[in-house]
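J.: Go ahead and model the full structure; you've got the sequences and the hints to work with.
Heads up, the working numbering is the position in the first sequence plus 2, with the first residue counted as 1.
No lab work stands behind these hints, which were simulated from the structure alone.
There's no promise every hint is true.
Claimed, not checked - Pairs of lysine-lysine residues, derived as BS3-like cross-links and limited to a Cα-Cα distance of at most 25 Å, are as follows:
| hint | residue 1 | residue 2 |
| --- | --- | --- |
| 1 | 147 | 483 |
| 2 | 216 | 621 |
| 3 | 216 | 586 |
| 4 | 586 | 218 |
| 5 | 621 | 586 |
| 6 | 768 | 799 |
| 7 | 154 | 164 |
| 8 | 591 | 93 |
| 9 | 218 | 621 |
| 10 | 621 | 589 |
| 11 | 756 | 672 |
| 12 | 591 | 577 |
| 13 | 110 | 589 |
| 14 | 93 | 589 |
| 15 | 586 | 110 |
| 16 | 164 | 93 |
| 17 | 589 | 577 |
| 18 | 621 | 591 |
| 19 | 768 | 803 |
| 20 | 768 | 794 |
| 21 | 577 | 621 |
In this text the structure is predicted, and so the values were computed from the model without any measurement.
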Amino acid sequence: MALPYDPQQIESRWQEFWARERFAAVDTAGAKDLYMLMMFPYPSGDLHVGHGRNYILGDCLFRMFLMQGRQVLNPMGWDAFGLPAENAAIKRNIHPREWTLANIARMKDQFRRWGILYDWDKEIASCEPEYYRWNQWLFNRMLEKGLAYRGKSPVNWCPSCKTVLANEQVVAGACERCGSIVEQRDLEQWFLRITEYADRLLEGLDRLTDWPEKVKVMQRNWIGRSEGAEFEMRVAGRDDLAFQVYTTRPDTSFGMTFAVLAPEHPLVGAITTPDHSAEVGTFVERVRRTTEIERLSTEGVVEKRGVFTGSYAVNPFTGTPVPIYLADYVLMSYGTGAIMAVPGQDQRDWEFAKAYGLRIVRTVQPPDGWVGEAYVDDGPAINSQWLDGLYKTEAIERATRWLEENGIGRRRVHYRLRDWLISRQRYWGTPIPVVYCERDGIVPVPEDQLPVVLPTDIQFGGSEGNPLERSASFTAATCPKCGKAARRETDTMDTFMDSSWYYARFINPHVRDAMIDRGRVARWMPVDLYIGGVEHAILHLMYARFLYKVLHDFGMVPGEEPFTVLFNQGMITAKSSVSGKLEKMSKSKGNVVAPDALIARYGADTERVYTLFMGPPEKEVEWTDEGVMGAHRFLQRVWGLQDIVAESAGRVGEPAATEQVLVAMHHTVKRVRDDLARYHPNTATAAMMELINTMAQHQSSASGSALREAYETLLRLLHPIAPHITEEIWRILGHDGSLLRAGWPSFDAELLAKQQVTLAVQVNGKLRATVDVEPGLDARAAESVARAAVAKWLDGKTVVKVIHVPDRMISFVVRG
RNA sequence: GCGAAAGUGGCGGAACUGGUAGACGCGCGAGACUUAGGAUCUCGUGGGCGCUGCCCAUGGGGGUUCGAAUCCCCCCUUUCGCACCA
Numbered sequence: 003m004a005l006p007y008d009p010q011q012i013e014s015r016w017q018e019f020w021a022r023e024r025f026a027a028v029d030t031a032g033a034k035d036l037y038m039l040m041m042f043p044y045p046s047g048d049l050h051v052g053h054g055r056n057y058i059l060g061d062c063l064f065r066m067f068l069m070q071g072r073q074v075l076n077p078m079g080w081d082a083f084g085l086p087a088e089n090a091a092i093k094r095n096i097h098p099r100e101w102t103l104a105n106i107a108r109m110k111d112q113f114r115r116w117g118i119l120y121d122w123d124k125e126i127a128s129c130e131p132e133y134y135r136w137n138q139w140l141f142n143r144m145l146e147k148g149l150a151y152r153g154k155s156p157v158n159w160c161p162s163c164k165t166v167l168a169n170e171q172v173v174a175g176a177c178e179r180c181g182s183i184v185e186q187r188d189l190e191q192w193f194l195r196i197t198e199y200a201d202r203l204l205e206g207l208d209r210l211t212d213w214p215e216k217v218k219v220m221q222r223n224w225i226g227r228s229e230g231a232e233f234e235m236r237v238a239g240r241d242d243l244a245f246q247v248y249t250t251r252p253d254t255s256f257g258m259t260f261a262v263l264a265p266e267h268p269l270v271g272a273i274t275t276p277d278h279s280a281e282v283g284t285f286v287e288r289v290r291r292t293t294e295i296e297r298l299s300t301e302g303v304v305e306k307r308g309v310f311t312g313s314y315a316v317n318p319f320t321g322t323p324v325p326i327y328l329a330d331y332v333l334m335s336y337g338t339g340a341i342m343a344v345p346g347q348d349q350r351d352w353e354f355a356k357a358y359g360l361r362i363v364r365t366v367q368p369p370d371g372w373v374g375e376a377y378v379d380d381g382p383a384i385n386s387q388w389l390d391g392l393y394k395t396e397a398i399e400r401a402t403r404w405l406e407e408n409g410i411g412r413r414r415v416h417y418r419l420r421d422w423l424i425s426r427q428r429y430w431g432t433p434i435p436v437v438y439c440e441r442d443g444i445v446p447v448p449e450d451q452l453p454v455v456l457p458t459d460i461q462f463g464g465s466e467g468n469p470l471e472r473s474a475s476f477t478a479a480t481c482p483k484c485g486k487a488a489r490r491e492t493d494t495m496d497t498f499m500d501s502s503w504y505y506a507r508f509i510n511p512h513v514r515d516a517m518i519d520r521g522r523v524a525r526w527m528p529v530d531l532y533i534g535g536v537e538h539a540i541l542h543l544m545y546a547r548f549l550y551k552v553l554h555d556f557g558m559v560p561g562e563e564p565f566t567v568l569f570n571q572g573m574i575t576a577k578s579s580v581s582g583k584l585e586k587m588s589k590s591k592g593n594v595v596a597p598d599a600l601i602a603r604y605g606a607d608t609e610r611v612y613t614l615f616m617g618p619p620e621k622e623v624e625w626t627d628e629g630v631m632g633a634h635r636f637l638q639r640v641w642g643l644q645d646i647v648a649e650s651a652g653r654v655g656e657p658a659a660t661e662q663v664l665v666a667m668h669h670t671v672k673r674v675r676d677d678l679a680r681y682h683p684n685t686a687t688a689a690m691m692e693l694i695n696t697m698a699q700h701q702s703s704a705s706g707s708a709l710r711e712a713y714e715t716l717l718r719l720l721h722p723i724a725p726h727i728t729e730e731i732w733r734i735l736g737h738d739g740s741l742l743r744a745g746w747p748s749f750d751a752e753l754l755a756k757q758q759v760t761l762a763v764q765v766n767g768k769l770r771a772t773v774d775v776e777p778g779l780d781a782r783a784a785e786s787v788a789r790a791a792v793a794k795w796l797d798g799k800t801v802v803k804v805i806h807v808p809d810r811m812i813s814f815v816v817r818g
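T.: Next up, the structure:
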């Protein structure tokens, strides 16, 4: 009898062995084979079984690739800058770096205990100067090319933390950290000109055939390209005043009955007549005080709010003056901040017109029986002079051409995408490498003075705002141009900058004199398989695609896209003890399953098997304790097969049973190969469970050699999923070394092709019998066997048609 | 509101291209071994009926087809994304 299965005894031993043998080490000086990558994590310290999902999936694929003899680059690192470290510093008076490094150590240990292998020689932590200096270097290159700029823009500002916040740091209009209501402020900030790449980011999506459609749709919507026309509206009686409006429906211009400016529009002051200025002033002030979030929120029916300016603008198509309003539904940040309002064809304009008693003129004929309000679909133009009778596409084209020919307007493409605001008034990030000189203005820090390193003489807590501003040693700088005293920029970069190019650094993490080693990167990029959560569908993946295109334009990387295949794993949910519903694991929901206790009781292999078995990895699945037990039972049965193999050693066995075991074995090899190739370890595991069921069924009748062969094959197939137990049994069976070097099993296709097949026999589409036949049986022979099997259904009927699908089914269509 | 994805036993899920629906696991039932077992092993397990057999079943309703979980149309539900984008 084998000893009982005791994961505690075996797992750490194999973890040490794998690390010692450096199975994951790859020399990128050599030729590329495969580059796979999991999105590098923020080192928060605490990992739960939900986090484990994508790392375990990645490790499963990695081990399979290794066994198949491939050279796979599979690195891991840390997205190590960010707010939580700084908050921890304030709360617990520990330096962010110390806190971060401690978390990294914990997480690394967690990976080890999960049995996950990475090429740790290539580890990167983005908070280290040797990494972030290249953020700075790249920033300066982009500054040179005009791709980075300092500009004024309304931004989210937390009055209590005294910093700009990213949109994702604003939760329901409030600061995620302190809960203060976030304000909109016009501030000078650093931006990257991602809008210049909008069309390339959009077109590139079409070529990403191995990305989830969902992610591509989200990115397309985010970029929000729209084609239209922009034209000038003159203010009636004021020859000096005119503004531009943007529309996607120039064909409806004859139906314009008013115009609307955003309340922040620069012309508001000039346009407002004295008798309306009090009202306008009140309105503008009111809008200014509401945050963008409130303004755009649409709980229930939206009330369109606005005010008349007292002025009129001339519709260039008709020469008619129309009243100019201000309204909060027109945003300064989109298009020109001014629109022509055509209530007949636009629902928002319709509602506004109704609310303020403005005229409505239809310029597109709705179909008979139309009962809605604004009609936005296609139809012949009406009330539109020389456009009358034309349909939408043609009418848009004519109207646009008319604007161009008369010098009033032009074709224009607009995007919803805004430039990327990268400034953060925070300590724990990459310092933006510029200084402000009284004489020379904004001066980038020259390359030989990089990196601009974060100072360590920092007091966290106590006072508010960016601690960098209070560091005299940091802010005091000399101007690289004139050598006089200058002030150093204290903004740091958005951490998405770090994660936008780290995948290229992994190929050559220690190159000192360059951001990347171009030769190696040219060979190893792009990443062949990128695994991560769908929560990064837009931000990270859009920024990374943008910066990769920039690097491409700098001649530094091959191709235009960094990630060939994107795989989004689904969440693991569990019943929340707070809400009682299934929710994503989190401490606040009280539904976190910590791996430590689980591993202590059942072992890491059990967690891995269960994680991979519970459902297809791209789907959301529920964690249950019963399911864990099932996975553990499976491993115990695998362990117990040692006895069956030992007892049957030397037995000749019955040929039929032996054959069944061997056929099942080959069939399993094929299924596991196919299932893992399409990232379905759940069905691969099921196939292996079937194999052990078959082995158990024939444990006392099959030959000893067949049982042993099947067992050893099973161990190899199972290794990527349950690496520790399989290595241990492999060793017990008398093999040296590691399963990772034992090769991946192949199957005997001919043997499988020779097996009897079961034909389904249908009569009028209903299953009436099944017959076992030789494979490849021709139609006539199959028909005669099938006829016999369903004779009672054919009796007295006329067979009008026979459909034969070789080796699958035969169907009789009968009448009478 | 718009867009996308998904709805299969008591539960998680199989069924890859229209061809035997429910693999595998959980749970449940019966039995075995046990002083005992929430351990282990074996067998059974969609529903119904006149039970060697047949009928009904993949959210609901229609359709195409010899044949539909799979394709088409309408509706319902859930989840996710976007949400005044001119």
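J.: Taking each numbered hint in turn, which are not upheld by the structure, reported in ascending numerical order?
T.: Failing hints: none at all.
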